[in-house]
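Peer 1: So the chains spell out like this:
2 protein chains.
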Amino acid sequence: MRIIVLGGDGYLGWPTAMALAHRGHEVWALDNYLRRNLARETCSEALMQNPNLHDRADLFASLSGRKIEVEIADCADYRQLSPIFAKVRPEAVIHYAEQPSAPYSMMSFDAARVTLNNNLNATLNVIWGVVQHSPACHIIKLGTMGEYGTPNIDIEEGWIDIEHKGRKDRFLFPRQAGSLYHTTKILDTDLLWFYVRLYGLRVTDLMQGPVYGLATEAADQDDRLAPNFHYDDIFGTVVNRFLVQAVAGVPLTVYGKGGQTRGYLNLKDTLQCVELALNNPVEAGVLRVLNQFTEQLTVTEIAEKVRRAAGQAGLEVKVESIPNPRKEKEEHYYNAKHHGLVELGLKPHLMTDEVLVDMLERVAKHSGQIDARKVLPRVRWN
Amino acid sequence: MRIIVLGGDGYLGWPTAMALAHRGHEVWALDNYLRRNLARETCSEALMQNPNLHDRADLFASLSGRKIEVEIADCADYRQLSPIFAKVRPEAVIHYAEQPSAPYSMMSFDAARVTLNNNLNATLNVIWGVVQHSPACHIIKLGTMGEYGTPNIDIEEGWIDIEHKGRKDRFLFPRQAGSLYHTTKILDTDLLWFYVRLYGLRVTDLMQGPVYGLATEAADQDDRLAPNFHYDDIFGTVVNRFLVQAVAGVPLTVYGKGGQTRGYLNLKDTLQCVELALNNPVEAGVLRVLNQFTEQLTVTEIAEKVRRAAGQAGLEVKVESIPNPRKEKEEHYYNAKHHGLVELGLKPHLMTDEVLVDMLERVAKHSGQIDARKVLPRVRWN
Chain A
0 MRIIVLGGDG YLGWPTAMAL AHRGHEVWAL DNYLRRNLAR ETCSEALMQN PNLHDRADLF
60 ASLSGRKIEV EIADCADYRQ LSPIFAKVRP EAVIHYAEQP SAPYSMMSFD AARVTLNNNL
120 NATLNVIWGV VQHSPACHII KLGTMGEYGT PNIDIEEGWI DIEHKGRKDR FLFPRQAGSL
180 YHTTKILDTD LLWFYVRLYG LRVTDLMQGP VYGLATEAAD QDDRLAPNFH YDDIFGTVVN
240 RFLVQAVAGV PLTVYGKGGQ TRGYLNLKDT LQCVELALNN PVEAGVLRVL NQFTEQLTVT
300 EIAEKVRRAA GQAGLEVKVE SIPNPRKEKE EHYYNAKHHG LVELGLKPHL MTDEVLVDML
360 ERVAKHSGQI DARKVLPRVR WN
Chain B
0 MRIIVLGGDG YLGWPTAMAL AHRGHEVWAL DNYLRRNLAR ETCSEALMQN PNLHDRADLF
60 ASLSGRKIEV EIADCADYRQ LSPIFAKVRP EAVIHYAEQP SAPYSMMSFD AARVTLNNNL
120 NATLNVIWGV VQHSPACHII KLGTMGEYGT PNIDIEEGWI DIEHKGRKDR FLFPRQAGSL
180 YHTTKILDTD LLWFYVRLYG LRVTDLMQGP VYGLATEAAD QDDRLAPNFH YDDIFGTVVN
240 RFLVQAVAGV PLTVYGKGGQ TRGYLNLKDT LQCVELALNN PVEAGVLRVL NQFTEQLTVT
300 EIAEKVRRAA GQAGLEVKVE SIPNPRKEKE EHYYNAKHHG LVELGLKPHL MTDEVLVDML
360 ERVAKHSGQI DARKVLPRVR WN
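Line order of the protein sequences matches chains A and B.
Position 36 of the first sequence, counting from 1, maps to 35 under numbering that gives the first Met the number 0, and the rest follow consecutively.
Position 344 of the second sequence, counting from 1, maps to 343 under numbering that gives the first Met the number 0, and the rest follow consecutively.
Check each hint, because a few of them may be wrong.
Remember, identical chains collapse to one label, so a pair may be satisfied in a single copy or spanning two.
What the hints assert, rightly or not - With a cut-off of at most 25 angstroms between alpha-carbon atoms, the simulated BS3-like pairs for lysine-lysine come out as follows:
#1 Lys66 - Lys167
#2 Lys164 - Lys328
#3 Lys167 - Lys326
#4 Lys317 - Lys66
#5 Lys256 - Lys346
#6 Lys267 - Lys336
#7 Lys364 - Lys256
#8 Lys336 - Lys167
#9 Lys328 - Lys364
#10 Lys328 - Lys167
#11 Lys328 - Lys86
#12 Lys167 - Lys317
#13 Lys256 - Lys328
#14 Lys86 - Lys167
#15 Lys364 - Lys304
#16 Lys317 - Lys336
#17 Lys317 - Lys256
Source of the hints: derived by calculation from the structure; they are not laboratory data.
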């Protein structure tokens, strides 16, 4: 298949590009280094140095014999995106090309403006690239479980049947997010659903939980192929932050009460999920929503898991609560369905001690580069 | 009160600015003539010539003794909007500053891009203008009944209580619109609701149905103060189109089966509703949604009303169905609640023969300027 991976330099994009090339697909990885630039501007660089996308692709080709075509271009600019769609006429596009940080989106007006405009225009442009150049293309879009927020009812997979005053209809599941970044993903879904109805597009919208992990089959060939690992408060996610704190010998900092529950998944499972979506495309005019995570955990449970794994690795770790920089419920009902991907064949890799110990060992190799201050909250919206 | 009317040159904005100035408020009318420019580009100019905003404001001042401050500025550009908020520190802002045409938003990629970027950035900038310069300001935002679409259940006022598998929560009423323009209003609501929760803003989101009418107390002082009257397929709404067709002696063109039901209101009632919202502000942290219309009608019913009124004015009128240029249901359930504004004191002006005859007479004065071809669909998305 001819596949474009938008945001191909990202934590998910790069491993996805490698995995799909490895399967024999023709892969184009497109990125404009927005995340690298914003990370540098906010002193949030990844722990390990990652070669640029051209160099990574060259290295991957030399090791695997598989080619990844690299395009440095801005998805939010249609003059840049359209010719690539016209040239490739993709059969599938994996759309990760968004400003990915919730805290970044809450830093300032300018950060909000960048997030809103980048993310919405990227999605609008992908839609029109497909409409104008490859109408049967399957758009696989990265959404987030954060679109649903933390409602007091069970979270279904994208859709809900509502019976109201004796009448019934089916709607997108209600969404209410905790950051502007997450809100832009809600807007993306609305935009996609509108154009799916209008033009009969084929879209899979993946409501993904926070991802952790550094190991993938292709990345493990060479350290320089590793996904970028952010551990700071802005671009890092909670598991990464805790692992780095454990290695750095500082307490794991739980935001508030730690009862915040989310659905998590291993990076290997992101790759599985995307491939399952790809191999099981949807009909024209369908917006399929899949909840993409493998296990529900509270922040306190994750801290405990990391503490235990660190103990096995000989590291003594404390857990402490700090004031929550985010406006969010710290104790709440949470029961999110995630049948769709399991029915397509997902075999979960769970957050076991073994997985966490492996990550701790990988992080420990770079302990000299850790700046533990960057893990503490620098952005507050509470 | 110090009030900024954004989109103050518009069909609603200009009458609103006059009405509020007439009440003794300090009014700033802000516009960048986007609608006039797009109307010219698409050969969709208003039937009557409208003086520019400065000239209208001067004329209004000379007749009423009331001043309307005019600012020619682009709401979608924060560098233009922010200093005005900083200077005025408004107690209320009426936000009409959006690309207002559904057909325009469906013309092309560029029209979609303009609509999405103009509307979303205008709303983001209004939010931040308030946050940074006047946090207690009441934002009165023009949404549209079109956000709800045509669901098979009763449409509530903005919110719905959902009971699902034995648990309950309250959510924004599900929304699913029929054009990109209407979809941007959904996105606006999502954005406003997020920032209301976050920063404790005060927002009233008016879900307005199609408006008709030329008469307002202030506008009737002088023809040159009349609201702009678009009668074409792009910027005109259905009532206006039918009135012009009746005067031009061509058949009233109903799209498809004509069973499309919407909630309509008289321009005088828009002014009432906005003033009621203004005089009854919401608490901090509240997004109040009000369904703003006075009567539900099908397109066929409107055609019949216009035919009957035209008969009274001595005009013989035919009604004919043409292929629907829009993708929409032509027969559907529709039952939308609209208690909120009535409870605040709204006294409706309905679409009576008298009202329609008065409009026909006003249109007839300009019959020489009518180009009846412009009423027929030039934009299709079906």
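Peer 1: Is it within a copy, between copies, both, or neither that the alpha carbon of lysine 66 lies no farther than 25 angstroms from that of lysine 167?
Peer 2: Neither, since 51 angstroms and 52 angstroms both go past 25 angstroms.
Peer 1: At most 25 angstroms between C-alpha atoms: does lysine 328 with lysine 364 qualify within a copy, between copies, both, or neither?
Peer 2: neither (36 angstroms within a copy, 62 angstroms between copies)
Peer 1: First find the shortest C-alpha distance between lysine 86 and lysine 167 inside one copy, then the shortest across copies, and answer within, between, both or neither for a cut-off of 25 angstroms.
Peer 2: Cα proximity of lysine 86 and lysine 167: none, with 45 angstroms in one copy and 50 angstroms across.
Peer 1: Using 25 angstroms as the alpha carbon limit, work out where lysine 336 and lysine 167 are close: within a copy, between copies, both or neither.
Peer 2: both (21 angstroms within a copy, 17 angstroms between copies)
Peer 1: Check lysine 317 against lysine 256 for me: Cα-Cα at most 25 angstroms, and say if that holds within a copy, between copies, both or neither.
Peer 2: Classified as within; 15 angstroms inside a copy, 70 angstroms across copies.
Peer 1: Regarding lysine 167 and lysine 317, is the shortest C-alpha distance of 25 angstroms or less found within a copy, between copies, in both, or in neither?
Peer 2: For lysine 167 and lysine 317, the Cα distance exceeds 25 angstroms both inside one copy (52 angstroms) and across copies (38 angstroms).
Peer 1: Measure nothing new, just compare the shortest in-copy and cross-copy C-alpha distances for lysine 364 and lysine 256 to 25 angstroms and report within, between, both or neither.
Peer 2: neither (32 angstroms within a copy, 70 angstroms between copies)
Peer 1: Can you give me the call for lysine 267 and lysine 336, within, between, both or neither, at a CA distance of at most 25 angstroms?
Peer 2: The answer is within: 20 angstroms in one copy meets 25 angstroms, while 49 angstroms across copies does not.
Peer 1: State whether the alpha carbon distance between lysine 364 and lysine 304 is at most 25 angstroms within one copy, between copies, both, or neither.
Peer 2: Within one copy only: 21 angstroms inside, 79 angstroms across.
Peer 1: Which holds for lysine 317 with lysine 336 at a C-alpha limit of 25 angstroms: within a copy, between copies, both or neither?
Peer 2: Neither: 33 angstroms inside a copy, 55 angstroms across copies.
Peer 1: Evaluate lysine 328 and lysine 167 at a C-alpha cut-off of 25 angstroms and name the case that applies: within, between, both or neither.
Peer 2: Intra 31 angstroms, inter 17 angstroms, cutoff 25 angstroms: inter-copy only.
Peer 1: What label fits lysine 328 with lysine 86 when the C-alpha limit is 25 angstroms: within, between, both, or neither?
Peer 2: Result: close neither inside a copy nor across copies, 47 angstroms intra and 37 angstroms inter.
Hint violations for this structure: numbers 1, 4, 5, 7, 9, 11, 12, 14 and 16, all remaining hints satisfied.
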